[in-house]
Every structure is written in C-alpha cells, then in structure tokens.
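Peer 1: Protein chains in written order, with the numbering used here: chain A, 3 to 300; chain B, 3 to 300; chain C, 3 to 300.
These are computed hints drawn from the structure, not numbers from a lab.
Careful: at least some of the hints might be erroneous.
Claimed, not checked - Calculated pairs, BS3-like style, for lysine-lysine (alpha carbon to alpha carbon, straight line, at most 30 Å):
| # | chain 1 | residue 1 | chain 2 | residue 2 |
| --- | --- | --- | --- | --- |
| 1 | A | Lys-207 | C | Lys-193 |
| 2 | A | Lys-284 | B | Lys-207 |
| 3 | B | Lys-23 | A | Lys-92 |
| 4 | B | Lys-23 | B | Lys-193 |
| 5 | C | Lys-256 | A | Lys-257 |
| 6 | C | Lys-227 | A | Lys-207 |
| 7 | A | Lys-257 | C | Lys-23 |
| 8 | B | Lys-25 | C | Lys-257 |
| 9 | C | Lys-257 | C | Lys-118 |
| 10 | A | Lys-284 | B | Lys-118 |
Said to hold, decoys possible - Cβ-Cβ distance ranges computed for the label pairs, FRET-style:
| # | chain 1 | residue 1 | chain 2 | residue 2 | range |
| --- | --- | --- | --- | --- | --- |
| 11 | A | Thr-158 | B | Ala-253 | 43 to 51 Å |
| 12 | A | Pro-203 | C | Lys-228 | 41 to 49 Å |
| 13 | C | Pro-80 | A | Ile-67 | 28 to 36 Å |
| 14 | A | Asp-277 | B | Lys-6 | 36 to 44 Å |
| 15 | B | Lys-175 | A | Glu-84 | 35 to 43 Å |
| 16 | B | Lys-175 | A | Ile-67 | 22 to 30 Å |
Positions of the beta carbon are idealized from the N, C-alpha and C atoms, including for glycine.
Chain residues, written in single-letter form:
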Amino acid sequence: MTLKQSAPININVAAQLTNVKNKIPLVHCITNRVTITECANGLLAAGAAPIMSEDAREVEEIVSISNALVLNIGTLMPLQIESMLIAGVKAKRIGIPVIFDPVGAGATRLRDDVSKQIIETVRPDVIRGNISEIRALYGFAGNTKGVDAAATDNVTLENAEETAFIVSELAKKYECIVGATGEIDIISDGKNTCYVGNGHPALCKITGSGCVLSSLAGAYVGAAKKTSEERMNAVIGAFVLSGLAGEYAEAETKKEGGGMGTFHTKYMDALSLIDADDFIQKAKIYVSETSSDKHTDL
Amino acid sequence: MTLKQSAPININVAAQLTNVKNKIPLVHCITNRVTITECANGLLAAGAAPIMSEDAREVEEIVSISNALVLNIGTLMPLQIESMLIAGVKAKRIGIPVIFDPVGAGATRLRDDVSKQIIETVRPDVIRGNISEIRALYGFAGNTKGVDAAATDNVTLENAEETAFIVSELAKKYECIVGATGEIDIISDGKNTCYVGNGHPALCKITGSGCVLSSLAGAYVGAAKKTSEERMNAVIGAFVLSGLAGEYAEAETKKEGGGMGTFHTKYMDALSLIDADDFIQKAKIYVSETSSDKHTDL
Amino acid sequence: MTLKQSAPININVAAQLTNVKNKIPLVHCITNRVTITECANGLLAAGAAPIMSEDAREVEEIVSISNALVLNIGTLMPLQIESMLIAGVKAKRIGIPVIFDPVGAGATRLRDDVSKQIIETVRPDVIRGNISEIRALYGFAGNTKGVDAAATDNVTLENAEETAFIVSELAKKYECIVGATGEIDIISDGKNTCYVGNGHPALCKITGSGCVLSSLAGAYVGAAKKTSEERMNAVIGAFVLSGLAGEYAEAETKKEGGGMGTFHTKYMDALSLIDADDFIQKAKIYVSETSSDKHTDL
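Given these sequences and hints, build the entire structure.
Peer 2: Printed below as a string of structure tokens:
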C-alpha cells in the first residue's frame, strides 16, 4: 500500500484558502498565555479575525457572534476550564464548529482529565495535536490495544499509515476530524485519511506554531460549508498553510543568514503572502490508494 | 465646512514627542493578555517605560510611582476589573492621568457594564477606542438620539465631521478627551476637535496596534503639562506617532516584498525611529475652520 | 585591585553552551504575562525546551519531568504565588535547580514580601536580577549596613568590585549563586565572583531580555553537572549568551538602519546562532586577581 499525491485535492483545498480570505471568519480562542499573541497575529495574517475572551460571564455571547471556537489547554487555570466548557457547549448548541488542541495531553493527570472532560462534554468537531498528544488521547480513550509508549513519535512518509490507524480510530470514536502533526501530518475523519508532507522542523523551534495551526483550523472550518467533505478539506488547508509557511520561512531565513528571530518574522510573512496558487502548486497532500477501504474495513 | 491642515499645530504636537523622550514617563498598564507584550515594547520603543501590574494588593503603590495609568478591557477576568477600579480611583486621587481603552465595548453586556463602571467610577482623562467602540459608549451613555447601528464605521475625510459629533458629545458628557481611530482619527475634548489623517489599513492586520496607541496616549499625556491644551496635543501626538508608524511600516514592507511579519517588525522600528522632524513634516492634523463654534453651538 | 580577563574560563563557559545544545534541557517557567512568549522563544532559540505551567494541580508533575524551574514575579497574581511555592519546594526536594527572578523587588511591599517568602521557603539555587533588585533583596535581608538608595545603579568596570560586595554577601547569606545585570554583570556564589562585560544598553529597550536571561540560566544550570564550579560556569554562560546577543543585535540593526523591531528580531537570531567559538573568542569574563581571598576575608 503506498501514498499518492492527487492534483484535484490540491484545487479543492486551495478553494478553502480563498474562502477564508473572502469570509474573514471570526475565531473565538480560549487559549494559552504563551502563544495567545501568536494565534491572534496568525489569524489576522491568514485573513481571519481573532477574538480572545475567557471570562465565563461573556463567552457565550462571544461564541454567538463567532464562526469558530478554538479551545487550547496549554496553560490551564481553574477559571479557564469552566469557561471552555461553557463556551464549548454553547458553540455546539448553535452549530459553531469547535476545535480542540490538547496541548501536553499525556504529560500530567490534569491535562488528561481536562482533555477527557472537554472531548466528552463538548464533542469537538476537530482535534488537533502533535502525534504524542494524539497517542495520549487514544490511550485514555479506553482502547484496549493501548498506546505503544516506546514507539517513535517520528512519523515519516514510510510509516505514516501505521500511525494513521490511531488517528483514524480516535476520529471514529469521537465522530470528529483528528489532525496530528509530525514530519508528515495525518488528518482523518475516521472514514478518509489524508497526509500532508509540507513543513519544516524549524517550526518546532518557535513557540506557537502548533497553536497557530489549531487557530487556523478554526478559521478554515469556520469559513467552510458544513459538509464532512468540505470540513476535511478545510482542516487539510490549515495544515498545508502552516507547512508551506514553515518551508517559506526556512528558505528565506537561509537566504538572509538569519536565525530563529528571522524565521519567526518570515513565518508570519508567509501566513499572509501564501495564496491559492501556492496551494495548487506546492501542497503535498497524499492519500492511500485504498485508504477509504482500509479504514472502513477496520 | 471643510477640514484644513495647520502648520503650527504640527510643531506643538512634535514638542510632545520630545517631551516623552526627555521625561521617559513610567506608564502603568492593566491590560489584556493578547497585546501586553506589544504594549510594553511599544512604550519602550517610543521612549517611555512600561510597568504591568494587576494584583489588587500592589496596584496603588505602582500607580503612585507612575506618570500615567492605562486601563484596557480586552481580555477581562473577574480579579482584573477590581484591580482596574482600585488603581483608577487611586490615580485620580493623586492626579495621575488615566487612559481607558474600551476594547470590544458594544460586543457583550459584560464589556458594556464594565466600561460604564470604569467611566463613571474612575472618570478617565482620555478614552481611546475605535469608532465602533466609541459609538457603543455613546449609545449606553443614555443619549436619546441613540446610535445608528446601520451607519458605516468607515470614517473618511469627507464624513469625519458628522462622526465627530458623537466623539465630541461623549467628551463633553464625561469631561475628558475622546480619541477614535478610523481611516481618519477624531480627537475631541468637547470644545475642540482635531482630525489625524496618518495611518494605514495594515495596522488592523497586526494585533495590538490599537492597544499600543492607548498606551502611547498614556506616555504622551503622562509626560505633558496638565493643561487641557497640552493634553489635547499629547493625545494627538500619540495618534500621529501610531499613524506614521503604520505608513513607515507599509512602505518598508512593500520595498522588501514582505508580509505581516515584516510589517510588524517595521512598525516597532518606526515607533523608535520617528522623531520630532517627522512629526513636523509628515503629520496630517486637520481642524474644522469653525470647529470650536460648531461644538459650543450644540 | 583590578579585574582581569582569563582565557581558560572562556573555554569552560563555552562548554556550557555545547552542553545545552546536546542535552536540550526542559525548563519549567512560572513567569510573568508580559514576557512569557519571549522566554519560550528564547529557550527554544538557545537549544533548550520550555514548558510553562502554573496550575497548582499540575506544577509538581511538570517539575518532575523538568531539568530546571524558573520563578519570575513580574506580574504576580494570588494563585501564581501559591503555585510558585508548591513547584519550588517540590523542585528542591527532588534536586531540580531553581532560578528566581525577583522582578520589581524594592518597588512594592508585595514584591518584597513574596521575594522573601520564595527565597526563604524555596531556597533557590540562583537569584538573577538587575542591580536595583539585588540591592533591594540585600536590604530586606536584614543586613544592618543597609542599602545606599542614593548610590548609582550604574555598575561599570571601575566600580564593579564595590557593588560585588552586595552580590557576594547575598549569595553567602542564602547559599546560592547571585547574578546581577548592569553595564557590567556580577555573578557570585559567595566565594568566587566573576564579571561579564558583554551586552548593550539596547537590551533594556526590549521587554523581556532580563526574563529571558533568567530562563537561560535555568537552561544552562539545568544542563550542567551539579558541582558548584560547573553551576557558576553555567550561570556565567547564560550571561555571556545574553550579552553577546545584545552586541550582535545592535551591530546588525545599525547595519540595516533599523529600530527596536529589527533589534528584537536580531536578538532572537543571535540566541540561536551564537556558538561555542563565539564564546571562546568574544566572551568578556573578568575575575578579581584576588577575588576569592577578598570575599573569604569578609
């Protein structure tokens, strides 16, 4: 079984970028203190509009005027958890898509407990994490196959399909789209699974690239039609944008002989400069030749 | 009735920049989590000194050593509101100017309530918001003419004088200076109204440019003499600096073919590089030929 | 008595940089809201890994997987103080080095009280502040000689040894390493005292350069062997890296005709680009010819 690039999907995913630029979705983020500025600037650069609010007395009103809600548990505090639950439940009640970023799931009991509580109470539409976090969620989801803690977290084009099993199972279990970042990214809704090969390791050397990606997923899904196919394309679009931004930033930084400060500036540049043509020409989106069969067979 | 530029005012406003660079005013900000770093860096770049503190047990002491207090409700939390009130009341008692930035006023009940509470309890010396926020404050201030929610929020040189009515009325009602940002900015103390034409739309594509402007207003008023004329010039100075920084950043970014990351870097560059000569030569400050008559006639 | 540069120490300190790059220490920061992003990016750029967490329910677990704990009181809030104490006590119990940054000590009663509480309860391994903060800590430490509030805080190569007395006494009193930043930096463990002449005044014009330095001290000590000599070299290494980054940023900014935005970008570039060779060639580390005698005589 091999992964193949498909030209038509690039065009469909590129349409999502155009969608965001046209609709300027308002994305309500209840997010962590480290990367909150990054998320706001990332959303603005990509053509969306951010609104950060976490006071329990107003989050329902903010959700009501937003196109998506992003919950990120990177720096939990007691009051914040309550606000996430209130906002999340409200969003689902009125049909606003919810993106959940389980930052640090697996690292502490609190993060595991809160992740579980958010997933089960809110039922997010998209879960976006790194592969370790996704493994952790899969583990505590009660899957008896467990999680191989010793397994390498380095997902490559060669071993992506094996890891995709976990991503796909988690998506099935919670009836949502799950997106996991790694050397190759894996996105699955439990029926179909896609892989995104764009990106650069330097993205892990600036804080917030993962949180920004989750916020972008909010913007892309918030601007998309409410079909499962369009939402998959939207999530893929956010991953492609983030990955291409990393590639652009690395190339520009090298050209200038810069370091991580320059990389950061160029990354933000890229989020605003990348357009639909870049998606069509440079997106590396792969599908299993028999991916949908494979996953419905499980 | 037409708006006219006046050369002498540029010189008076330029003197405010020199003032800030010489006095290095200490600006105490109780501000939002998204742009707190921006506000600190903006103040430092412009020649002022920031101090961020919001623990109720120390805000009075911090106010006592500061030259201005800036209250910004961008990301409210219960404890923060209490600290703003304590700090604000203390500042007024000892004669420290207070700048209030009603971020998101009009968007939620909480923000309206807190704005009202701060304005009525603290009586800020300056209110700085975008035109939508200023309209919202004007609306709940009980003016029976109400706020035309359908009115475009795009204030241009052509329609500025109509919107100026709201700004001026709000200033009269609360005996303070009100500054509203838009394509053209409007600043009024209820008697005199000025317009600033500097700026660039890209300022709205980085988070914090409005919050930084409010912080700069703190620095400028904090360094100014306590006359109403000097304080008007100081607020105008902060608007001019912010506007010129946007123009500089846009020009430099275009030159380099950059995106929003580069714009952000150049904007911070500009806040530190712009000097009194730039003010004298490039500030676009307009006054109504009969502005003071107009407003006292109301 | 004069200060002299010593070549061998540069090599030993350079080895600390290599150490950090090889070990990628995980640094747990409970830090302030203004510079939290800076600290995360600074640590990443320098080759370490940041983790920010301040919920009392998880800080002990986070400490347990970390190589160092950094406590910074720049923007205190009630819940944060409790978390700092819990995390600090845990870190000391399991042998994780604790770095304390007493931001604003001397400015308010709250900061003095909390500093005292943290120092006496946690017993940090390193205290890193500017010379005013270190003077304040020395003052309330009950030293009857008091602190000359009128004394200039401008420490130069000429008067460094006098100020070093305070730094060294504080280190002795709390059996820790104390590092004070100024035009010349002073680092002492109460027995030996070193001086670092690298740096540039522009570092004070971006927010967070001091907080980043404290975080870097966490990374360097966290990666070092647990001997007092290695820990001194590690702290010196963090100061040298910060100072060289300031020098590099200033030179690059001048070359480009930039302002504080460019300086900030270049500073982050430098934190990632500076290598062991730069340390060996450019570090300005001074020792008193008779420094250890002097201090054991006190």
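Peer 1: Which of the numbered hints above does this structure break?
Peer 2: The structure breaks hints 1, 3, 9, 10, 12; every other hint is satisfied.
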